[in-house]
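Keeping the supplied structure of chain F fixed, place chain C upon it in accordance with the hints.
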Amino acid sequence: MFPSAFDYVAAHSVREAVAAKAEGGDDTRFLAGGQSLLPMMKTRLANPAKLVDINRVPALDTIERANGHLRVGALVRHADIARSDLPFGVIAAAAPWISDPLVRNRGTLCGAVAHCDPEGDWNSVLLATGADVIATGPSGERAIPIADFIVDFFTNALHVDEMVTEVRIPIPVGRVGGSYQKLERKIGDYATVAVAAHIELADNGTISRAGIALTAVAPKNTKVPAAEAVLVGNAPSDVLFAEAGELAAQASQPRSDVRGSAEWKRNVVRVFTRRALAAAVVGANES
Amino acid sequence: MDITVTINGQDHTHDVEPRTLLVDFVRTKAALTGTHIGCDTTSCGACTVLLDGVPVKSCTVLAVQADGASIMTVEGLKDADGAHPIQAAFKEEHGLQCGFCTPGMMLVGHALLEQNANPSDDDVRWAISGNLCRCTGYMNIVKAIRAAGAMATT
Numbered sequence: 001m002f003p004s005a006f007d008y009v010a011a012h013s014v015r016e017a018v019a020a021k022a023e024g025g026d027d028t029r030f031l032a033g034g035q036s037l038l039p040m041m042k043t044r045l046a047n048p049a050k051l052v053d054i055n056r057v058p059a060l061d062t063i064e065r066a067n068g069h070l071r072v073g074a075l076v077r078h079a080d081i082a083r084s085d086l087p088f089g090v091i092a093a094a095a096p097w098i099s100d101p102l103v104r105n106r107g108t109l110c111g112a113v114a115h116c117d118p119e120g121d122w123n124s125v126l127l128a129t130g131a132d133v134i135a136t137g138p139s140g141e142r143a144i145p146i147a148d149f150i151v152d153f154f155t156n157a158l159h160v161d162e163m164v165t166e167v168r169i170p171i172p173v174g175r176v177g178g179s180y181q182k183l184e185r186k187i188g189d190y191a192t193v194a195v196a197a198h199i200e201l202a203d204n205g206t207i208s209r210a211g212i213a214l215t216a217v218a219p220k221n222t223k224v225p226a227a228e229a230v231l232v233g234n235a236p237s238d239v240l241f242a243e244a245g246e247l248a249a250q251a252s253q254p255r256s257d258v259r260g261s262a263e264w265k266r267n268v269v270r271v272f273t274r275r276a277l278a279a280a281v282v283g284a285n286e287s
Numbered sequence: 288m289d290i291t292v293t294i295n296g297q298d299h300t301h302d303v304e305p306r307t308l309l310v311d312f313v314r315t316k317a318a319l320t321g322t323h324i325g326c327d328t329t330s331c332g333a334c335t336v337l338l339d340g341v342p343v344k345s346c347t348v349l350a351v352q353a354d355g356a357s358i359m360t361v362e363g364l365k366d367a368d369g370a371h372p373i374q375a376a377f378k379e380e381h382g383l384q385c386g387f388c389t390p391g392m393m394l395v396g397h398a399l400l401e402q403n404a405n406p407s408d409d410d411v412r413w414a415i416s417g418n419l420c421r422c423t424g425y426m427n428i429v430k431a432i433r434a435a436g437a438m439a440t441t
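In order, the protein sequence lines correspond to chains F and C. Residues 1 to 287 (my numbering) make up the first sequence, in order. Residues 288 to 441 (my numbering) make up the second sequence, in order.
Bound conformation, chain F alone (with noise of 0.2 Å):
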């Protein structure tokens, strides 16, 4: 099976990879780690009629923590994070659950987090962490906070002459936890329903952060701010973590599908973001 044809320019430097995609227009798409992107291409969901390949591109593949900040570029593979030591919390929970492991390999965060597939799971994961989209264009660079980045069902922020360069995770200063929960019928499948959760501990033990967000139950990965507001300013309890996931619930907006009737899932959703908490304070009072 053959994706229609098209023509491909390999660039060697963000600058020749960004004037490539503004002289191609919507018909040209960035191709990083192509999971998502030759799958779609193969079935006609996507017919680009210009790839530019940034896999050549020097630097892009940099994971490291500066000013404050998990950074991580372009070219940096699911498996990289998974790998890594420097993720925390919801990210490092989040890793080993993207996809299979021969994806992983292959596949990258900033791909996927521009990809805005609402079953994706690193979307859920950035909306808990507070995390910036950096999209570079000819005069430079802006940062795009991804509640904004993430507009619609397979729909994201960038201008036409934009890629996707970094994202970027603010690393809390205090104690720190998360989890991300994902119902999937087997490795590889898109998730069902997911949960991630990340949790900063003040030192008096209440929560004085909180970031829920929710995978595969509404046309786009949902941030939960009634749940998140419900949770700061108190100690975690069990309690507390119910009345969070009954707010979840209600705010999933999910189908019946194949993988489940409307109502299961949001049942799960309710019962995923309980166990999310729970595991998110048992990290933060680990860290």
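Simulated from the structure, these hints should not be mistaken for lab results. Hints may contain errors.
Okay, derived cross-link-like pairs now, PhoX-like style, lysine-lysine, Cα gap no bigger than 25 Å in a straight line [as the list claims (entries may be wrong)]: (1) Lys-220/F with Lys-186/F; (2) Lys-378/C with Lys-430/C; (3) Lys-50/F with Lys-316/C; (4) Lys-365/C with Lys-430/C; (5) Lys-316/C with Lys-365/C; (6) Lys-378/C with Lys-365/C; (7) Lys-186/F with Lys-50/F; (8) Lys-42/F with Lys-316/C; (9) Lys-430/C with Lys-186/F.
If you're wondering where the values come from, they're calculated on a predicted model, not measured in any experiment.
Leaving out everything else, chain C in the frame of chain F:
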């Protein structure tokens, strides 16, 4: 586009369209048909090759992306002395039934053993979790990969 891919130590230079998939380059241009096409949708892992030592699904990589890279296919496992330990172990442990998934399973197993010569059952199951066996013969595949590790370390 003219590209050169080193497959099992030998250079293969061919003119390809950008849309040519790596698996088709391997099977058609290099005439190495040990690499199988199963699902063709990034699910089954029958097309697994090692790209610069790392297992990938070659139905989901463009051949042009492998220009200048080094590929190992199942044919590359055979060394001058005959069967590679992982091949011998699959034979000994009955690690295959129909054989369709076997090239991918052996390459993933080989890559795992390069990192960890003495993996646990869980390590092996985790490593092969992107490769499907339609005969459901997973138990013996796990045994075979662990046996190959033991063979290589003794």
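Q) Among the hints numbered above, which are violated by the structure, and what are their numbers in rising order? A) 7
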